[in-house]
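Protein chains: 2
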Amino acid sequence: MAKNYVVGIDIGGQSSKLGVVDENGKILARDIIKASSSSDPKKVIDELAKGVLALIEKSGKKGEIRGIGVGAPNGNYYTGCIAYAPNLPWAANGSVDFSKMLSEACGGIPVTLTNDANAAALGERKYGIAKELKIKHFIMITLGTGVGSGIIINDELLYGSDGFAGELGHTCAVRDGRKCGCGKKGCLEAYCSAIGAARTAREWLEESKEESLLRGKKDISSKDVYDAAKAGDKLALRVFEYTGTILGSSLADFVEFSAPQAIVLFGGLANAKEFLYEPTLKAMNDNLLPIWRNKVQLLFSSLKEADAAILGASALAW
Amino acid sequence: MAKNYVVGIDIGGQSSKLGVVDENGKILARDIIKASSSSDPKKVIDELAKGVLALIEKSGKKGEIRGIGVGAPNGNYYTGCIAYAPNLPWAANGSVDFSKMLSEACGGIPVTLTNDANAAALGERKYGIAKELKIKHFIMITLGTGVGSGIIINDELLYGSDGFAGELGHTCAVRDGRKCGCGKKGCLEAYCSAIGAARTAREWLEESKEESLLRGKKDISSKDVYDAAKAGDKLALRVFEYTGTILGSSLADFVEFSAPQAIVLFGGLANAKEFLYEPTLKAMNDNLLPIWRNKVQLLFSSLKEADAAILGASALAW
Numbered sequence: 001m002a003k004n005y006v007v008g009i010d011i012g013g014q015s016s017k018l019g020v021v022d023e024n025g026k027i028l029a030r031d032i033i034k035a036s037s038s039s040d041p042k043k044v045i046d047e048l049a050k051g052v053l054a055l056i057e058k059s060g061k062k063g064e065i066r067g068i069g070v071g072a073p074n075g076n077y078y079t080g081c082i083a084y085a086p087n088l089p090w091a092a093n094g095s096v097d098f099s100k101m102l103s104e105a106c107g108g109i110p111v112t113l114t115n116d117a118n119a120a121a122l123g124e125r126k127y128g129i130a131k132e133l134k135i136k137h138f139i140m141i142t143l144g145t146g147v148g149s150g151i152i153i154n155d156e157l158l159y160g161s162d163g164f165a166g167e168l169g170h171t172c173a174v175r176d177g178r179k180c181g182c183g184k185k186g187c188l189e190a191y192c193s194a195i196g197a198a199r200t201a202r203e204w205l206e207e208s209k210e211e212s213l214l215r216g217k218k219d220i221s222s223k224d225v226y227d228a229a230k231a232g233d234k235l236a237l238r239v240f241e242y243t244g245t246i247l248g249s250s251l252a253d254f255v256e257f258s259a260p261q262a263i264v265l266f267g268g269l270a271n272a273k274e275f276l277y278e279p280t281l282k283a284m285n286d287n288l289l290p291i292w293r294n295k296v297q298l299l300f301s302s303l304k305e306a307d308a309a310i311l312g313a314s315a316l317a318w
Numbered sequence: 001m002a003k004n005y006v007v008g009i010d011i012g013g014q015s016s017k018l019g020v021v022d023e024n025g026k027i028l029a030r031d032i033i034k035a036s037s038s039s040d041p042k043k044v045i046d047e048l049a050k051g052v053l054a055l056i057e058k059s060g061k062k063g064e065i066r067g068i069g070v071g072a073p074n075g076n077y078y079t080g081c082i083a084y085a086p087n088l089p090w091a092a093n094g095s096v097d098f099s100k101m102l103s104e105a106c107g108g109i110p111v112t113l114t115n116d117a118n119a120a121a122l123g124e125r126k127y128g129i130a131k132e133l134k135i136k137h138f139i140m141i142t143l144g145t146g147v148g149s150g151i152i153i154n155d156e157l158l159y160g161s162d163g164f165a166g167e168l169g170h171t172c173a174v175r176d177g178r179k180c181g182c183g184k185k186g187c188l189e190a191y192c193s194a195i196g197a198a199r200t201a202r203e204w205l206e207e208s209k210e211e212s213l214l215r216g217k218k219d220i221s222s223k224d225v226y227d228a229a230k231a232g233d234k235l236a237l238r239v240f241e242y243t244g245t246i247l248g249s250s251l252a253d254f255v256e257f258s259a260p261q262a263i264v265l266f267g268g269l270a271n272a273k274e275f276l277y278e279p280t281l282k283a284m285n286d287n288l289l290p291i292w293r294n295k296v297q298l299l300f301s302s303l304k305e306a307d308a309a310i311l312g313a314s315a316l317a318w
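So the protein sequences, as listed, match chains A and B.
Residue 318, in our numbering, is where the first sequence stops; the numbers in between run on with no holes.
Residue 318, in our numbering, is where the second sequence stops; the numbers in between run on with no holes.
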């Protein structure tokens with residue numbers, strides 16, 4: 001039987017999303033599995049496999065599945081392992097031979113693994129805006145809780161010597177800047193993630209007495225900052241300008257590395273496109289060598305956020 | 001007749017070096033041609049071709065030349081053009097169709113062109129330390145008058161979408177830092193080139209009254225700083241520590257992009273290995289994510305400086 005379908009799985013700290021996908025990126029069946037609190041990898045993976053097999057059954061494509069693609073934090077393409085992923089209790093303190101175990105539990109269907117930002121880049125290439133615009137060289141930046149990246153060079157994902165290439169969220173944006181969750185200082189992620197932008201707002205509120213819709217709010221999130229900006233709040237608008245300026249300056253450095261045709265932004269914070277686009281593009285161009293100035297496109301993902309994680313992971317399996 | 005030899009040409013602002021090279025990196029014949037002050041590309045290229053043909057004749061390998069590889073400032077692999085190269089009067093104000101013109105003037109021998117730092121990386125891969133150590137993922141950083149780079153990923157040079165990938169000398173090392181020759185601020189080149197290191201020394205001498213062997217010297221060069229450091233001069237030693245610290249911090253960002261096995265340093269300033277190695281390595285590791293800490297090698301080119309430019313360019317022609 002022809003194998004014209006794949007399964008995409010996005011493994012997250014809160015839940016895992018799975019779907020059966022055809023070659024055009026249509027999701028035939030989908031499911032969400034709540035994250036297990038178990039620290040036993042075998043138990044977690046067996047449960048996941050049960051969900052996968054049930055979903056394949058439900059899709060009516062049993063026997064037609066070419067492979068399973070998985071995007072997971074700290075997933076390694078070369079080794080098939082998930083290692084030291086702080087948000088996954090079953091893979092937080094060591095290395096789990098994930099691809100092999102899941103494949104065995106799914107009756108031998110081949111499993112391919114990479115990290116979530118790489119999966120997002122593959123999704124954009126196979127189904128998204130990079131496919132639409134026929135772009136073969138781009139850098140995907142995911143602006144979520146953290147900042148991730150996937151680098152596509154000549155239509156192929158860059159894995160580097162060890163499978164970990166593309167940790168652009170932890171390149172230095174501000175020398176000796178804010179402490180980042182990774183332990184280093186001044187990482188791009190500390191400024192341009194959803195958490196980073198909210199932190200900027202909180203810091204500025206503390207440092208000044210400026211009036212703002214955000215003043216007095218508890219546990220300010222990037223969504224709060226977005227809503228305030230929408231309502232014309234000046235401090236909130238400046239937060240996006242600042243965030244975009246730092247992001248754009250870093251993007252210029254990335255362009256000078258791999259000379260892509262485009263940067264593609266995705267993730268929660270990228271939904272604030274209306275506030276982020278201009279300062280980011282300006283800072284990128286201001287910091288580029290003349291040979292690239294005004295030549296590199298700044299794009300936003302064209303995939304629906306609900307589907308993107310599944311599609312990205314599924315793209316690995318073709 | 002088997003074509004087992006190539007010609008390597010390194011085009012510089014002062015002179016061009018050429019050599020006939022065999023597969024093991026042995027230079028059978030070599031020549032240096034003083035740079036022409038002519039602004040006529042045809043005249044300059046015809047003169048160069050005359051030199052090339054004479055050298056081939058002298059080497060006794062006429063009819064056995066597989067190709068000509070050329071490293072030149074702003075040389076583009078994809079287009080074969082040299083464009084807006086400030087140090088080459090005949091290619092300073094426009095784009096010269098170099099490869100095509102040189103090939104025609106050399107009786108049709110194929111010509112392949114790239115920039116000088118890319119050529120250096122190819123030389124290291126074909127004949128140098130990357131070959132010795134069987135390293136397939138590395139970043140070559142040339143610390144000369146400027147800072148150049150060539151990025152090898154899975155044994156291939158990274159050209160990017162337009163042939164200009166790898167301008168790491170113009171990534172930002174110090175946000176809003178020193179003005180660089182390119183017009184931007186804080187570029188790595190403004191600190192870690194030979195000129196940058198000398199500039200650090202001059203700035204520090206001006207800012208303090210600290211005793212130093214360099215005090216009172218006119219037109220301090222990086223060689224002067226090196227000689228002073230050799231003699232134990234504290235300010236000069238600190239210049240190298242500072243230069244290495246900035247370099248290493250930037251190297252960490254580059255590792256987080258492409259996850260190479262090694263960084264290879266080359267060029268005039270890299271001769272100060274004894275003073276640069278430790279601070280550079282320390283800063284790189286201090287700024288790396290734990291997955292790479294103490295795992296990426298910091299190497300120095302194993303090629304003789306006099307040969308490296310010719311060998312690097314020749315490596316293109318295989």
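There could be a bad hint or two in this list.
Given that identical chains are not distinguished, each listed pair holds provided it fits within a single copy or across any two copies.
Dumping the calculated DSBU-like pairs for lysine-lysine here, alpha-carbon to alpha-carbon at most 35 Å [stated by the list, open to error]:
id	residue 1	residue 2
1	K3	K223
2	K62	K223
3	K43	K217
4	K185	K134
5	K43	K295
6	K34	K3
7	K230	K304
8	K34	K126
9	K3	K209
10	K185	K50
11	K126	K304
12	K100	K134
13	K295	K100
14	K185	K230
15	K136	K43
16	K42	K234
17	K218	K136
18	K217	K62
19	K179	K62
20	K26	K179
21	K185	K3
22	K295	K42
23	K179	K234
Hint data in this document are derived by calculation from the structure and do not stem from the laboratory.
No experiment lies behind these values; they were computed from the predicted model shown.
Exercise. How do K136 and K43 come out at 35 Å by Cα distance, when the copy is not named: within, between, both, or neither?
Worked result: Answer is neither; intra-copy 40 Å and inter-copy 39 Å both fail.
Exercise. Is the C-alpha distance from K3 to K209 at most 35 Å within one copy, between copies, in both cases, or in neither?
Worked result: neither (62 Å within a copy, 76 Å between copies)
Exercise. Checking K179 and K234: alpha-carbon separation at most 35 Å within a copy, between copies, both or neither?
Worked result: Answer is both: 26 Å inside a copy and 32 Å across each meet the 35 Å cutoff.
For this session: Using 35 Å as the alpha carbon limit, work out where K185 and K3 are close: within a copy, between copies, both or neither.
Result: neither (48 Å within a copy, 54 Å between copies)
For this session: Since the copies are identical, ignore which copy is meant and state whether K126 and K304 lie within 35 Å (CA to CA) inside a copy, between copies, both or neither.
Result: This pair counts as within: shortest intra-copy Cα distance 14 Å, inter-copy 46 Å.
For this session: If the cutoff is 35 Å on CA atoms, where do K43 and K295 land: within, between, both or neither? Let me know, please.
Result: Answer is between; shortest inter-copy Cα gap is 33 Å, intra-copy 50 Å.
Problem set entry | Alpha-carbon proximity between K185 and K230, which holds within one copy, between copies, both or neither at 35 Å | both (31 Å within a copy, 34 Å between copies)
For this session: Evaluate K185 and K134 at a C-alpha cut-off of 35 Å and name the case that applies: within, between, both or neither.
Result: This pair counts as between: shortest inter-copy Cα distance 34 Å, intra-copy 37 Å.
Problem set entry | Alpha-carbon proximity context of K217 and K62, limit 35 Å | neither (51 Å within a copy, 80 Å between copies)
Exercise. At most 35 Å between C-alpha atoms: does K230 with K304 qualify within a copy, between copies, both, or neither?
Worked result: The answer is within: 22 Å in one copy meets 35 Å, while 61 Å across copies does not.
For this session: Can you give me the call for K218 and K136, within, between, both or neither, at a CA distance of at most 35 Å?
Result: neither (44 Å within a copy, 51 Å between copies)
Problem set entry | Intra/inter-copy verdict for K185 and K50 if alpha-carbon distance must be at most 35 Å | neither (42 Å within a copy, 56 Å between copies)
Consistency note: the structure conflicts with the earlier hints numbered 1, 2, 3, 9, 10, 15, 16, 17, 18, 19, 20, 21.
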